[in-house]
Amino acid sequence: KAGVTQTPRYLIKTRGQQVTLSCSPISGHRSVSWYQQTPGQGLQFLFEYFSETQRNKGNFPGRFSGRQFSNSRSEMNVSTLELGDSALYLCASSLVAGRTDHLFNYGYTFGSGTRLTVV
Amino acid sequence: AQSVTQLGSHVSVSEGALVLLRCNYSSSVPPYLFWYVQYPNQGLQLLLKYTSAATLVKGINGFEAEFKKSETSFHLTKPSAHMSDAAEYFCAVSGYGGSQGNLIFGKGTKLSVKP
Chain A
38 KAGVTQTPRY
48 LIKTRGQQVT
58 LSCSPISGHR
68 SVSWYQQTPG
78 QGLQFLFEYF
88 SETQRNKGNF
98 PGRFSGRQFS
108 NSRSEMNVST
118 LELGDSALYL
128 CASSLVAGRT
138 DHLFNYGYTF
148 GSGTRLTVV
Chain B
27 AQSVTQLGSH
37 VSVSEGALVL
47 LRCNYSSSVP
57 PYLFWYVQYP
67 NQGLQLLLKY
77 TSAATLVKGI
87 NGFEAEFKKS
97 ETSFHLTKPS
107 AHMSDAAEYF
117 CAVSGYGGSQ
127 GNLIFGKGTK
137 LSVKP
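So the sequence lines, in the order shown, correspond to chains A and B. Sequence positions in the first sequence follow the working numbering and run 38 to 156. Sequence positions in the second sequence follow the working numbering and run 27 to 141.
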């Protein structure tokens, strides 16, 4: 079965521009999470979506936003890019069960990531 | 609050030697614990996970980890290292059956395997 698909794989943007990254989860996975990976800060949680609703958000500025569509596909957007936004952005999908306020997560499968370079 | 500490940012072993990567966690709720591996320019691949069932967890590629509540540890081991094991390894924690929706990762340990 197909894994988590992230597009594009590589992206070069200029400071001040905005960017949109896409993530298609594994079929049947309704939870999608995003992480930023940098050499200095490591892996940091950005946000998580379930059933088109943001359930959790990490400690990132409002320039970072995301959304999830009815087919569980997710996008994240970064506006007014800064040099420090250069990173590998990873998406993870998971099979969950239960109600929105009390979910059980069966585990996370990661995509290969989008390498964003801001110049 | 939850946190993960991986002891040793770099570990080097000889091919055929024991691999031991250390992970200690802090969690105010029953934790779910994970080990992931990352090869260069790749995403994260799940090696194994602890979800409050058996304390000794077996994963892929011959890796296993033991959950020790008294020591708040979840160290990753492999009896005999192979050249293909060279990669970066991350320990992660989430709580409440993962319902908190996010993983807290350690800083990672780079494993080198010498021929």
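A couple of the hints might just be wrong.
What the hints assert, rightly or not - Not everything, but these chain B residues come out facing chain A in the computed CB check (under 10 Å):
id, residue
1, F60
2, Y62
3, S96
Unchecked claim - A few chain B residues facing chain A, derived, Cβ under 10 Å:
id, residue
4, H36
5, K84
6, N87
7, I130
8, G132
Simulated from the structure, these hints should not be mistaken for laboratory data. All C-beta atoms in this analysis are idealised placements derived from N, C-alpha and C, irrespective of residue type, glycine included.
Hint check:
no.	hint	in the structure
1	F60	8 Å, holds
2	Y62	7 Å, holds
3	S96	25 Å, violated
4	H36	14 Å, violated
5	K84	15 Å, violated
6	N87	17 Å, violated
7	I130	7 Å, holds
8	G132	8 Å, holds
The earlier numbered hints that this structure contradicts are 3, 4, 5, 6.
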